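Asks: Same order as they appear, the protein sequences are chains Y and W.
Residues in the first sequence are numbered consecutively from 1, following the numbering used here.
Residues in the second sequence are numbered consecutively from 307, following the numbering used here.
Treat the hints as calculated values from the structure; they're not laboratory data.
Values in this document were obtained by computation on a predicted structure and should not be read as measured data.
Built from N, CA and C at the ideal position, the CB exists for glycine as well.
Take these hints with a grain of salt, some might be off.
Said to hold, decoys possible - Where chain W lies over chain Y, by a calculated footprint (3+ residues, C-beta under 8 Å):
1. 141-150
2. 268-278
Said to hold, decoys possible - Distance condition first, Cα-Cα at most 20 Å in a straight line; then the derived SDA-like pairs of lysine to any residue:
3. Lys483(W) - Met471(W)
4. Lys27(Y) - Ala470(W)
5. Lys346(W) - Ile374(W)
6. Lys346(W) - Gly159(Y)
7. Lys199(Y) - Phe113(Y)
8. Lys357(W) - Ala470(W)
9. Lys27(Y) - Leu549(W)
10. Lys27(Y) - Pro463(W)
11. Lys346(W) - Gln151(Y)
12. Lys490(W) - Gly474(W)
13. Lys27(Y) - Ile485(W)
14. Lys346(W) - Leu335(W)
15. Lys483(W) - Leu30(Y)
16. Lys168(Y) - Gly255(Y)
17. Lys27(Y) - Leu478(W)
18. Lys483(W) - Trp503(W)
19. Lys346(W) - Phe113(Y)
20. Lys27(Y) - Val362(W)
21. Lys27(Y) - Lys357(W)
22. Lys357(W) - Leu549(W)
23. Lys27(Y) - Phe406(W)
24. Lys27(Y) - Gly385(W)
25. Lys199(Y) - Arg217(Y)
26. Lys300(Y) - Lys199(Y)
27. Lys483(W) - Phe216(Y)
28. Lys300(Y) - Gly401(W)
29. Lys199(Y) - Phe216(Y)
30. Lys168(Y) - Glu112(Y)
31. Lys27(Y) - Glu465(W)
32. Lys199(Y) - Leu219(Y)
33. Lys483(W) - Asp473(W)
34. Lys27(Y) - Gly476(W)
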Amino acid sequence: MTERAVVKSLETRKTVWQVLSADAYIKWFLIVPLLAVLSAFMFYPLFYCLYMSFHEYVLRAPPLYIGVENYRTVLHDAVFWQAVGRTFYVLVVCIAVELSLGMGIALLFNREFRGQNTIRGVCLLPLLISPLAMSLMWNYMLHVQFGIVNQVLVWLRLGAVEWISNPKIAIYSIMFISIWQWTPFSIFVLLAGLRGLPKDALEAARVDGASRWFTFRRLTLRMLMPLIIIIVLLRTMWLIRIFDPLYGTTRGGVGTEMLDWFIYRIAFVFFDVGKGSALAIFSLYVTIVLCAILYRQLIKALGTAR
Amino acid sequence: MRRVMFWIAVVIVLCAFILPIAWVYVTSLKSPEDIFRPEKLAFLPTLYNYKYIVTVRPSLLEFRNALIITLASTALVMGVSLPAAYSFARFNTGGGHLLFITISTRMFPPVVAAIPFFFLFRDWGLLDTHLGLILLYIYFNMSFATFLLYGFFREIPEELEHAAMVDGYGRLSIFRKVIFPLIKPGAAITTVFCLVWAWNEFLFAFLFTRRVARTVAVGLAVFWGSIEIQWGPMAALMGLAILPTLAAAWFMQRFIIRGLTFGAVKG
Numbered sequence: 001m002t003e004r005a006v007v008k009s010l011e012t013r014k015t016v017w018q019v020l021s022a023d024a025y026i027k028w029f030l031i032v033p034l035l036a037v038l039s040a041f042m043f044y045p046l047f048y049c050l051y052m053s054f055h056e057y058v059l060r061a062p063p064l065y066i067g068v069e070n071y072r073t074v075l076h077d078a079v080f081w082q083a084v085g086r087t088f089y090v091l092v093v094c095i096a097v098e099l100s101l102g103m104g105i106a107l108l109f110n111r112e113f114r115g116q117n118t119i120r121g122v123c124l125l126p127l128l129i130s131p132l133a134m135s136l137m138w139n140y141m142l143h144v145q146f147g148i149v150n151q152v153l154v155w156l157r158l159g160a161v162e163w164i165s166n167p168k169i170a171i172y173s174i175m176f177i178s179i180w181q182w183t184p185f186s187i188f189v190l191l192a193g194l195r196g197l198p199k200d201a202l203e204a205a206r207v208d209g210a211s212r213w214f215t216f217r218r219l220t221l222r223m224l225m226p227l228i229i230i231i232v233l234l235r236t237m238w239l240i241r242i243f244d245p246l247y248g249t250t251r252g253g254v255g256t257e258m259l260d261w262f263i264y265r266i267a268f269v270f271f272d273v274g275k276g277s278a279l280a281i282f283s284l285y286v287t288i289v290l291c292a293i294l295y296r297q298l299i300k301a302l303g304t305a306r
Numbered sequence: 307m308r309r310v311m312f313w314i315a316v317v318i319v320l321c322a323f324i325l326p327i328a329w330v331y332v333t334s335l336k337s338p339e340d341i342f343r344p345e346k347l348a349f350l351p352t353l354y355n356y357k358y359i360v361t362v363r364p365s366l367l368e369f370r371n372a373l374i375i376t377l378a379s380t381a382l383v384m385g386v387s388l389p390a391a392y393s394f395a396r397f398n399t400g401g402g403h404l405l406f407i408t409i410s411t412r413m414f415p416p417v418v419a420a421i422p423f424f425f426l427f428r429d430w431g432l433l434d435t436h437l438g439l440i441l442l443y444i445y446f447n448m449s450f451a452t453f454l455l456y457g458f459f460r461e462i463p464e465e466l467e468h469a470a471m472v473d474g475y476g477r478l479s480i481f482r483k484v485i486f487p488l489i490k491p492g493a494a495i496t497t498v499f500c501l502v503w504a505w506n507e508f509l510f511a512f513l514f515t516r517r518v519a520r521t522v523a524v525g526l527a528v529f530w531g532s533i534e535i536q537w538g539p540m541a542a543l544m545g546l547a548i549l550p551t552l553a554a555a556w557f558m559q560r561f562i563i564r565g566l567t568f569g570a571v572k573g
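With these hints in hand, go ahead and build the complete structure from the sequences.
Replies: Rendered as structure tokens:
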């Protein structure tokens with residue numbers, strides 16, 4: 001190709017791309033597929049549920065408009081409020097334990113030691129393994145008769161515990177499974193944060209004679225606040241949707257029914273689409289309010305951490 | 307002394323994470339009688355359970371299904387999320403609101419999104435097909451993939467692009483020669499996350515597949531019959547099903563410290 005031909009080809013290329021590559025166009029052009037998927041997969045179910053939540057629809061007869069009746073039944077349902085309360089209880093306990101454990105282990109790993117990459121990699125495992133598979137496995141390990149956990153307790157002469165079948169304990173077993181699986185998430189986010197902390201500020205505090213606890217509380221924790229809020233935000237989103245650990249262990253029985261399981265039962269076991277939709281809208285509303293609050297906290301924390 | 311304490315703590319942490327996973331493989335090698343005798347620590351390993359899931363209740367098809375669905379959905383998610391995340395990071399498209407809406411797709415209860423799609427898919431004949439599940443997994447993974455990639459794109463300094471533009475590169479060649487090499491580790495992590503999540507996803511697979519397109523996750527639940535739970539074959543299938551994710555973990559530990567910083571935090 002001669003030099004002129006190259007120039008010419010570049011010129012024709014330019015005319016084609018000139019329009020598309022102008023910032024104003026390309027930014028929307030790149031985002032079109034995402035918007036298409038969003039509208040299909042988010043707005044369709046949203047409007048469907050909004051519509052159905054005002055109708056009585058139990059599959060056999062066509063949808064019948066009944067106003068806010070679905071919402072009224074749901075809000076007067078004691079079982080529903082129990083499920084909501086339980087979900088929040090699980091949310092608070094799980095996130096608190098995961099954060100404290102995660103911070104402890106992250107501080108433990110925040111140094112150079114032999115085999116550090118392998119050891120940290122191993123801690124990643126629970127995060128990647130199928131939640132359903134591990135819940136089923138924990139169900140087996142916590143089994144009252146032939147679970148290894150109870151066997152160890154028997155050997156230690158502590159007596160067997162009904163981990164899954166006792167209504168008082170089952171909820172904590174589910175929390176434990178979730179905590180076991182998701183603590184690595186906190187560990188890794190916090191570890192990454194710890195390693196990115198400015199060394200000079202911590203050094204200055206040490207020179208000034210600040211105690212380690214003081215330094216941790218006033219410097220480290222404050223600088224890590226955005227990451228902590230991100231963990232809380234994401235874990236809130238995921239924990240409200242908790243389903244697999246329930247399916248793998250109690251299946252909503254023995255006093256462990258949570259919000260999403262309740263919706264699943266109404267919508268897919270009783271096929272009460274109208275009531276299920278009303279529940280969905282409620283659940284979505286609660287999640288968005290919670291996340292919006294956390295999101296605002298995050299923006300605030302980002303402002304002070306800088 | 308401090309060193310000893312440190313290593314004791316490390317060993318406790320490692321045991322807490324490894325032992326339950328190891329127990330999957332231990333259980334899978336037990337004979338049907340030994341499954342119910344936890345007091346017997348020394349047992350004769352047998353491949354009975356693995357033979358069971360190959361011959362008595364074939365599960366290999368479930369692996370093929372899961373593989374097809376996982377690979378296809380991940381490829382499509384990346385195709386959608388990469389340009390979108392770039393657009394969010396570089397041009398702040400939609401002024402932050404659009405990104406928040408994208409992330410909020412994950413706030414919608416999947417159980418509920420499943421209701422309208424169940425009827426839609428039934429009418430379109432997409433129930434129990436690979437395509438149906440692939441479409442659902444795009445929805446399932448897209449928001450978080452976009453969010454992760456957004457963070458990675460934010461870490462690439464804009465000046466690099468300006469410099470390349472001054473040098474006369476077009477948008478396409480900038481993307482190919484400047485941005486892509488820099489985003490590669492981030493894109494790799496995101497891809498692995500999408501693969502793992504699609505592989506592990508249970509709820510949609512459980513509601514939308516019956517026999518033809520059943521994935522491994524659903525296959526596991528099937529061992530929980532109405533009469534008894536077949537722990538042995540279940541553990542064997544579990545052991546095989548988590549192998550790919552173990553490989554993913556091995557791949558990721560090199561990147562992960564860098565990767566999970568959620569570049570978005572740096573603002």
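Asks: What hint numbers does the structure not satisfy?
Replies: 5, 8, 9, 12, 18, 19, 20, 21, 26, 27 and 30
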